[in-house]
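We have chain D; now place chain S onto it with these hints.
Protein chains in written order, with our numbering: chain D, 1 to 343; chain S, 344 to 686.
If you're looking for bench data, these hints aren't it; they were derived computationally from the structure. None of these values were measured; they are calculated from a predicted model. Honestly, I wouldn't trust all of these hints.
Here are the simulated DSS-like cross-link-like pairs (lysine-lysine), alpha carbons at most 27 angstroms apart as the crow flies [stated by the list, open to error]:
| id | chain 1 | residue 1 | chain 2 | residue 2 |
| --- | --- | --- | --- | --- |
| 1 | S | 643 | S | 591 |
| 2 | S | 485 | D | 289 |
| 3 | S | 632 | D | 142 |
| 4 | S | 643 | S | 632 |
| 5 | D | 265 | D | 289 |
| 6 | S | 591 | S | 604 |
If you only want the chain S side, here are some residues facing chain D, beta carbon under 10 angstroms, derived [claimed, not checked]:
| id | residue |
| --- | --- |
| 7 | 393 |
| 8 | 404 |
| 9 | 566 |
| 10 | 569 |
| 11 | 570 |
| 12 | 618 |
| 13 | 623 |
| 14 | 625 |
| 15 | 676 |
Quick reminder that beta carbons are idealized off the backbone N, C-alpha and C, glycines included.
Protein chains: 2
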Amino acid sequence: MRHSGFTTLILAATVSAGAHAGSIWQALPAQPPIPADNPQTPAKIELGKTLFHDPRLSSTGTVSCASCHSVMEGGDDHRPVSIGVHGQAGGRNAPTVWNAAYHSAQFWDGRAATLEAQAVGPVTNPVEMGMADLGAAVGRLKAIPGYAPLFEKAFGVGDSITVENMGKAIAAYERTLITPNSPYDRYVRGDKRALSPQQRRGMTAFAETGCAACHAGAAFDGPTRPMGQANLMRFPAFADNPYVVRFKLDEDPGRFASTGKEEDKHMWRVPTLRNLAYTAPYFHNGAVKRLDDAVKVMAKTQLNVDLDPSTVADIVAFLDALNGEFPAQTMPRLPATPGDLVE
Amino acid sequence: MRHSGFTTLILAATVSAGAHAGSIWQALPAQPPIPADNPQTPAKIELGKTLFHDPRLSSTGTVSCASCHSVMEGGDDHRPVSIGVHGQAGGRNAPTVWNAAYHSAQFWDGRAATLEAQAVGPVTNPVEMGMADLGAAVGRLKAIPGYAPLFEKAFGVGDSITVENMGKAIAAYERTLITPNSPYDRYVRGDKRALSPQQRRGMTAFAETGCAACHAGAAFDGPTRPMGQANLMRFPAFADNPYVVRFKLDEDPGRFASTGKEEDKHMWRVPTLRNLAYTAPYFHNGAVKRLDDAVKVMAKTQLNVDLDPSTVADIVAFLDALNGEFPAQTMPRLPATPGDLVE
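In isolation and in its complexed conformation, chain D is listed as follows (with noise of 0.2 angstroms):
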């Protein structure tokens, strides 16, 4: 097996304090970071729920938010790729929105520095919503006269159904879809029989095997970073081997894609591995559709290790710890369209 220095720090750490205070292992905080420019309200995560469940946001009324992120499920879509207007087909398995608050940065590349700014993205994106450009959703809103109330309670009087609200909305929205109180969470605030046996071997496992080395802190998402820079790393980090070709792992050359910088060939954001049950297919293309393998091939192609099945078995036991608790949430009431808007 072969570890870098880092993730010689990171077992040094886990076998010394196991899942004691102090040690690597972190519970969900209640709350992920918010920013100072955008407080929690009612008002306003009432009105970003309406906003990411409004199809009309999409040129032909049929896509919303949820339509690729179901909150109902697990906040993505069950398929490789999701499926926009006009049932294009994307390039990128669509990420979970639960807990996506804590990562520092958003998108699989990591090229949104907040929720606020990835919240409307896909709404101009031509195999996503499809919109013409930002203003032409935010005229859409502006003629269902439903809205104006719900902007102005959360925003105030004036001029604000604007992008930089709409995309504040829906961010604080996105800040109340967190998963707390997984076995796993249980188990580090001190419920020792919150793990199975099976569990806390995989625990193990998964530190002594350098899985931990990226997918590290509360959210499984990487070491903590300053909000706005995106825990990256390569992947593949080893290219030769059977699981790249099989997968395709190397076709999409990741943040390279919107940068341009060689150095960001093959970059990718850490992605969570809370509530993997609920989020298959897996990796950035949704090629391996079983948790056991994207366990194998994540391992041979970050680490190049070749974990043996109990081994496998028993990390796999040790991420179904990681689903947590989705909170009861009401329907939102998306305002009328009036007649005049139908197209």
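Just chain S now, with coordinates in the frame of chain D:
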């Protein structure tokens, strides 16, 4: 103004009894009819809500019942005709699912006698949800492990994931989708301040014009009939007027398309008039965008009456009084898609 004998009868009742008990005006009953072989239970309703919102009942996994019948809005999809799998357009305007439980028959042409029968229809319609057959839909549900306990809770242990139970659960959920306590309902129950003077004028004009001949009953969907028997009307009844051409009202032969019987040509089930503010555009082809136009067109095509603008405004004001209260609903939790099921 020309009235049929039936209309005159209605008028007489209206004039003599006004909005008092025993009149033609009825508040929405607290519960719609519940069939003896499908009693309401919380487990069944919850399962039905889950199925109603599950896009995996469509071939592409992108279209649920809620896609075209959004209960977060007016129970329809704010477009002339719906868009199903692969971006295909349907042939008729999506009828609202709100208060559909009061209808004596379902679909625009009344071809389904029950909500149970209607609920599974769109699943295999090639331009709606596009499943090859209902067996494939049941197979899909059986392949999602999280559905078995939900069906068992609703229907008991055993082979409970069936087409019949799928229809029963969705129908049970739809029987909770009612909008009580509209201003009209409060007025009929005795709160005389619930309607404005203009709305009361519109109420009288609605009856005197003859609208109530077809739009009778608590749901304004036709005179009381046994469940299973559709309230049918000929539409357009007076085909020789410019509206018919302009809005292509006679291009679809209505019930004839499903029965092939000559007498069913241009016969349609009477739609509800509740919550029209949320269900633009109007008519079976969604050709009319505005409610005032819809009132004018109906008066001319069905009663051969040319309404003056102030009467139209009064009737529209009355119809606005039929917008009821949408009950708060908790979002269902859709069972996870196992990776093996990903296509």
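Cross-check of the supplied hints:
1. Simply put, residue 643 of chain S and residue 591 of chain S have alpha-carbon atoms about 14 angstroms apart, close enough for the 27 angstroms limit, and the pair holds.
2. The straight-line distance between the Cα atoms of residue 485 of chain S and residue 289 of chain D is roughly 18 angstroms, inside the 27 angstroms bound, and the hint therefore holds.
3. Annotation: proposed proximity of residue 632 of chain S to residue 142 of chain D holds, straight-line Cα distance about 18 angstroms (limit 27 angstroms).
4. Straight-line distance between C-alpha atoms of residue 643 of chain S and residue 632 of chain S comes to about 17 angstroms, which keeps the hinted pair within the 27 angstroms bound.
5. Among the hinted pairs, residue 265 of chain D with residue 289 of chain D is consistent with the structure: their alpha-carbon atoms are about 25 angstroms apart, no more than 27 angstroms.
6. For the suggested pair residue 591 of chain S and residue 604 of chain S, the alpha carbons sit about 22 angstroms apart, so the restraint of at most 27 angstroms is met.
7. For residue 393 of chain S, the suggested interface contact is upheld, since its CB lies about 8 angstroms from the closest CB of chain D, less than 10 angstroms.
8. With a least beta-carbon distance of about 6 angstroms to chain D, the hint placing residue 404 of chain S at the interface is held under the 10 angstroms criterion.
9. For residue 566 of chain S, the interface hint is violated, the least distance from its beta-carbon to any beta-carbon of chain D being 28 angstroms, above 10 angstroms.
10. The beta carbon of residue 569 of chain S comes no nearer than 33 angstroms to any beta carbon in chain D, farther than 10 angstroms, and the hint placing it at the interface is violated.
11. Hint on residue 570 of chain S is violated. Least Cβ distance to chain D is approximately 28 angstroms, over the 10 angstroms limit.
12. Taking 10 angstroms as the C-beta cut-off, the interface hint given for residue 618 of chain S holds, the closest approach to chain D being about 9 angstroms.
13. Annotation: residue 623 of chain S was flagged as interfacial toward chain D, and the flag holds, the nearest CB pair being 3 angstroms apart, inside 10 angstroms.
14. Contact between residue 625 of chain S and chain D, as hinted, is supported at the beta carbon level, the nearest pair being about 8 angstroms apart and thus within 10 angstroms.
15. For residue 676 of chain S, the interface hint holds, since its Cβ comes within 10 angstroms of a Cβ in chain D; the closest pair sits about 6 angstroms apart.
Hint violations for this structure: numbers 9, 10, 11, all remaining hints satisfied.
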